[in-house]
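A.B. asks: One letter stands for each residue in the lines below.
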Amino acid sequence: MTDSTSRPTRRRIPWDYLAVAPFVIFAVMFLFMPTLSLIGTAFTDRAGNFTFDNIGGLFTDQILAAYSISIRVSGASAILGALIGLAITLAIIRGRLPAPLRSAVMTFSGVASNFAGVPLAFAFIATLGRIGLVTIVLRDVFHLDLYRAGFSLFSFWGLTLTYLYFQIPLMMLTIAPAVDGLKKEWSEAAQMLGANQWQFWRYVGLPILWPSFLGTLSLLFANAFGAIATAWALTGSNLNIVTVLLYNQIRGDALQNPGLGAALALGMIVITSLANVIYLIVAKRAERWMK
Amino acid sequence: MKPNKFWAWLVFALGAAYFLVPLLATFIFSLRMRRNELSFDAYVSVFSDPRFYGTFGYSLAIGAVTIVVGVLVVVPAVYFVRLRMPWLRPVMEFVTLLPLIIPALVLVYGYIRLYNSSSIIPFTSSAFGTDILLTGAYVTLALPYMYRAVDNGMRTIDIGTLTEAAQIAGANQLQIIGQIILPNILVAILSGAFLTFAIVIGEFTIASLLNRPAFGPYLVGIGTNKAYEPAALAIISFIITWGAMGMINVLGRFAPRTSARTD
Chain A
0 MTDSTSRPTR RRIPWDYLAV APFVIFAVMF LFMPTLSLIG TAFTDRAGNF TFDNIGGLFT
60 DQILAAYSIS IRVSGASAIL GALIGLAITL AIIRGRLPAP LRSAVMTFSG VASNFAGVPL
120 AFAFIATLGR IGLVTIVLRD VFHLDLYRAG FSLFSFWGLT LTYLYFQIPL MMLTIAPAVD
180 GLKKEWSEAA QMLGANQWQF WRYVGLPILW PSFLGTLSLL FANAFGAIAT AWALTGSNLN
240 IVTVLLYNQI RGDALQNPGL GAALALGMIV ITSLANVIYL IVAKRAERWM K
Chain B
0 MKPNKFWAWL VFALGAAYFL VPLLATFIFS LRMRRNELSF DAYVSVFSDP RFYGTFGYSL
60 AIGAVTIVVG VLVVVPAVYF VRLRMPWLRP VMEFVTLLPL IIPALVLVYG YIRLYNSSSI
120 IPFTSSAFGT DILLTGAYVT LALPYMYRAV DNGMRTIDIG TLTEAAQIAG ANQLQIIGQI
180 ILPNILVAIL SGAFLTFAIV IGEFTIASLL NRPAFGPYLV GIGTNKAYEP AALAIISFII
240 TWGAMGMINV LGRFAPRTSA RTD
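Chains as they are written, first to last, in numbering that gives the first Met the number 0: chain A, 0 to 290; chain B, 0 to 262.
Hints listed in this document are in silico derivations from the structure and should not be mistaken for laboratory results. In this text, a Cβ means the ideal position worked out from N, Cα and C, and glycines have one as well. Wrong hints could be hidden among the right ones.
[As the list claims (entries may be wrong)] Subject to a maximum C-alpha distance of 25 Å in a straight line, what follows is the list of computed DSS-like cross-link-like pairs (lysine-lysine):
1) A:Lys283 with A:Lys183
2) B:Lys4 with A:Lys182
3) A:Lys283 with A:Lys182
4) A:Lys183 with B:Lys225
[As the list claims (entries may be wrong)] Some chain A residues well away from chain B (every beta-carbon gap over 10 Å; in silico):
5) Phe22
6) Tyr202
7) Val203
[As the list claims (entries may be wrong)] Pulled a few chain A residues facing chain B out of the computed Cβ check, cut under 7 Å:
8) Ala18
9) Phe25
10) Val27
11) Pro33
12) Gly39
13) Thr43
14) Leu82
15) Ile92
16) Pro97
17) Met105
18) Gly109
19) Val110
20) Ala125
21) Met191
22) Ile227
23) Met267
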């Protein structure tokens, strides 16, 4: 690092601090203060006194059910997204599919991982909704009525299937460097020592990928857990996930208690923080192998 | 090794089907507005709605301001922290990660509670003030991506040497940032800008809770009232996202390839 502070041309104006000031002011105004005030509200009753009542108020059937379904949708879409994303990445990189195909898939992943929110919900409604094209084709051509068979796009599995559309590409983009890091020499060495494909993956490949895999898993979880636009456009208030509950609370004080709303938000931060703390710890371990 | 290749193609084909079928189905669905024949009626309907232009224009404008504010907030901070205060880097890394941990919904709830009309800074009491809040929220959402793009850009140029050279030539700090550093990391900044644009343009949650006439809430409104237009809008949105990501790819080819690491 070049240290130019010792140069004689140094100005009197404290440029260093002045230049970092906008960043700090911005972070305080739009990141720290709003979050801290919300946390404060979570521990305050209507009269302004400190209380744990709001936190205790979270333990009702409706709110616990909302957290539970959110955690399950995020968990399912994260685990499935991570597994499928890893499988496709391995197929493309380790399966030696043609190089142009690989770059096309990675470009598409960049697009698909950002194609979330409302338009994604529209696409899945047009595909698998009640009058969606695939639903109609399956019913009229293959005599398979999805909705009579119990499937609904506006349910747990429908939402999970939709979330996978951005979860899988996100997994592929994050895990690709780790898969690239699996050196050819390692599989050659394993082969020379008499290991078969399965043994290579069991004792070399997967243990090396494991930290990156686990880390990305928690990233995907937080990603789905905080999402609302897709769910809102897809199911409206049908599916009682925690983001929809909080959205209704912000809109019209649905829980009729601002402190409880803040507690709901605090619960979300705690859950996504846990997921990210796991990510950071695991990412540190993963770095050892990436050199 | 042979069966390996077969499995690779099978996995790839299944994945491709999952990703391409919805796009294809949505496109065909969007063409079926007219009975018994395929037509672009749904697109005509979308493009003849003045609210489409109004809301899209609004989101475009907010997106542009978001990018400018994002650059002004991030670039000087990253530059000076890299050059003079490397001990602050872990703090910046952490702060720019926070928007991934705190859901946007929670953030906007905090804004509404903190900056309501009876607070010290009553942002929400005027349309302009709410626009500031919306922009602030979007800059925050884009912060992780903007920070990483700019940080990567500065890693590939030797800012220490560039700064010294400029100082010897008599440039002041503003000239150094504006005329030396900024042009050198322009490609990185533009990548961050297009990613920001892709995030902001169809954003629903924050715009709807702040009651601003943005493209995202407009989309949801169309979704509840129309049948074929949403499919057309999904295709249009996909093309816009593709365009933004395509620009990043194109720009990547112009990025400086030398990696003179200063750290």
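A.B. asks: Hint by hint, note whether the structure agrees.
C.D. replies: Each hint tested on the structure:
no., hint, in the structure
1, A:Lys283 with A:Lys183, "holds (24 Å)"
2, B:Lys4 with A:Lys182, "holds (19 Å)"
3, A:Lys283 with A:Lys182, "holds (20 Å)"
4, A:Lys183 with B:Lys225, "violated (54 Å)"
5, Phe22, "violated (4 Å)"
6, Tyr202, "holds (18 Å)"
7, Val203, "holds (16 Å)"
8, Ala18, "holds (4 Å)"
9, Phe25, "holds (5 Å)"
10, Val27, "violated (10 Å)"
11, Pro33, "holds (3 Å)"
12, Gly39, "violated (9 Å)"
13, Thr43, "violated (11 Å)"
14, Leu82, "violated (11 Å)"
15, Ile92, "violated (9 Å)"
16, Pro97, "violated (10 Å)"
17, Met105, "violated (9 Å)"
18, Gly109, "holds (5 Å)"
19, Val110, "holds (5 Å)"
20, Ala125, "holds (4 Å)"
21, Met191, "violated (15 Å)"
22, Ile227, "holds (5 Å)"
23, Met267, "holds (6 Å)"
In summary, the numbered hints that this structure violates are 4, 5, 10, 12, 13, 14, 15, 16, 17 and 21.
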